[in-house]
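**Student:** In case you want the letters, here they are:
2 protein chains.
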Amino acid sequence: MSATHIEPVSNVVWHDTTVTRLMREQLNGHRAAAVWFTGLSGSGKSTIGHLVEEQLHRHGCRTYTLDGDNVRHGLCSDLGFSERDRTENIRRIAEMVQLFLDAGIITLTAFISPLRMHRELVQRLVGPDRFVEIHCACPLEVCEQRDVKGLYRRARAGEIREFTGISAPYEPPVAPDLVLHTHRVPIEECAEQVVGRLRERGVLECGRQRA
Amino acid sequence: MSATHIEPVSNVVWHDTTVTRLMREQLNGHRAAAVWFTGLSGSGKSTIGHLVEEQLHRHGCRTYTLDGDNVRHGLCSDLGFSERDRTENIRRIAEMVQLFLDAGIITLTAFISPLRMHRELVQRLVGPDRFVEIHCACPLEVCEQRDVKGLYRRARAGEIREFTGISAPYEPPVAPDLVLHTHRVPIEECAEQVVGRLRERGVLECGRQRA
Chain E
11 MSATHIEPVS NVVWHDTTVT RLMREQLNGH RAAAVWFTGL SGSGKSTIGH LVEEQLHRHG
71 CRTYTLDGDN VRHGLCSDLG FSERDRTENI RRIAEMVQLF LDAGIITLTA FISPLRMHRE
131 LVQRLVGPDR FVEIHCACPL EVCEQRDVKG LYRRARAGEI REFTGISAPY EPPVAPDLVL
191 HTHRVPIEEC AEQVVGRLRE RGVLECGRQR A
Chain X
11 MSATHIEPVS NVVWHDTTVT RLMREQLNGH RAAAVWFTGL SGSGKSTIGH LVEEQLHRHG
71 CRTYTLDGDN VRHGLCSDLG FSERDRTENI RRIAEMVQLF LDAGIITLTA FISPLRMHRE
131 LVQRLVGPDR FVEIHCACPL EVCEQRDVKG LYRRARAGEI REFTGISAPY EPPVAPDLVL
191 HTHRVPIEEC AEQVVGRLRE RGVLECGRQR A
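Sequences listed follow chains E and X, in order.
So in this note's numbering, spot 20 of the first sequence is number 30, and the numbers just go up one at a time.
So in this note's numbering, spot 61 of the second sequence is number 71, and the numbers just go up one at a time.
By construction, these hints were calculated from the structure, which means they are not laboratory data.
DEER-style ranges, computed between Cβ atoms:
1) X/157 - E/158: 54 to 62 Å
2) E/78 - X/88: 18 to 26 Å
3) X/138 - E/28: 28 to 36 Å
Reference excerpt, derived from the structure (chain X facing chain E, CB under 8 Å, subset only):
4) 33
5) 60
6) 85
7) 106
8) 108
9) 115
Keep in mind it's a predicted model, so treat the numbers as computed, not measured.
Ideal Cβ positions, reconstructed from N, Cα and C, are used throughout, including at glycine.
Work the whole structure out from these sequences, hints included.
**Tutor:** Okay, here's the thing in structure tokens:
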């Protein structure tokens, strides 16, 4: 019988077999959560985030860090810094975090995210039980003194408009999971505090026990 | 000594410790790759994709499936179906796949993706060595007969404009990794073929051996 004579498979079952988040969490041995770092430019979000990620990875956790480097140049490369674009930027990040959580990943983010309503938007979308808010609370003077990327100098010179802390507001979290005083606590200790908080929140518990 | 008197940590090293894709692949025991299903609506992309994902998950692989359900309603909810919006839709999907690959995940996608240039865009971005193209080659008549979502009926009635296969073109891949004849091969067998192809492409090899 030639291929052209084979009848179409008529009894195909067209349901979608789906691997769920719970199944992925069980495979990973930990829960999926968004670890949201917020704070001024230069407050240590990215540095501490990557330190935390390294520790989690060493413990066998599945992790990923989203920050300006891998988001602003890619997924959000069409967006500027107008209020509308900033909102759309956060919306896309929130949706992406949501997908990463669905994939079972501990997802760390390092964005200034100065507005409370933006962070609340993310929290609503991913769910409060999966949202861990970390405030890198470093005084503006110290951030400006560090000025790792030279952005504060440019902002003071008027070359960057609406720069958080200089010409745009930063709204600190009302009830963050953790406040890191990165100007007087060594970053290694800050990272330890974050991992400890994740443990307290049950993120590092094995999915099997919660199933 | 009270906290307020503690001097700022001045010798902080502000480098970013980074967990790399290779480190994640080594932890996972397999490589990251994009498994891109393309084909008409109703050709079996999503069903076979989920079957493949289930098999990979059972073997301990880290996987995720992106499709219309979790992308169009979320990340791309602001986009319509104009040519410009379709291009932006694919661009965002490509960038997102890129992030998932960076996270070490075998990322399956189920989008009609009718245009060759769009699929080539994804391939260029993620890199040809990480792009596995699967063509769900099911004749239009069979897809239309199945009409799982009732879309063909609506397209024939003129209720949906520019519907692939009816009023918009589908450009089949020139050199796909695999052609699945989903109208005469049972879906379980199709899924087996995909897994076999991933094995041939070295995706399922342990990262440790390739490090």
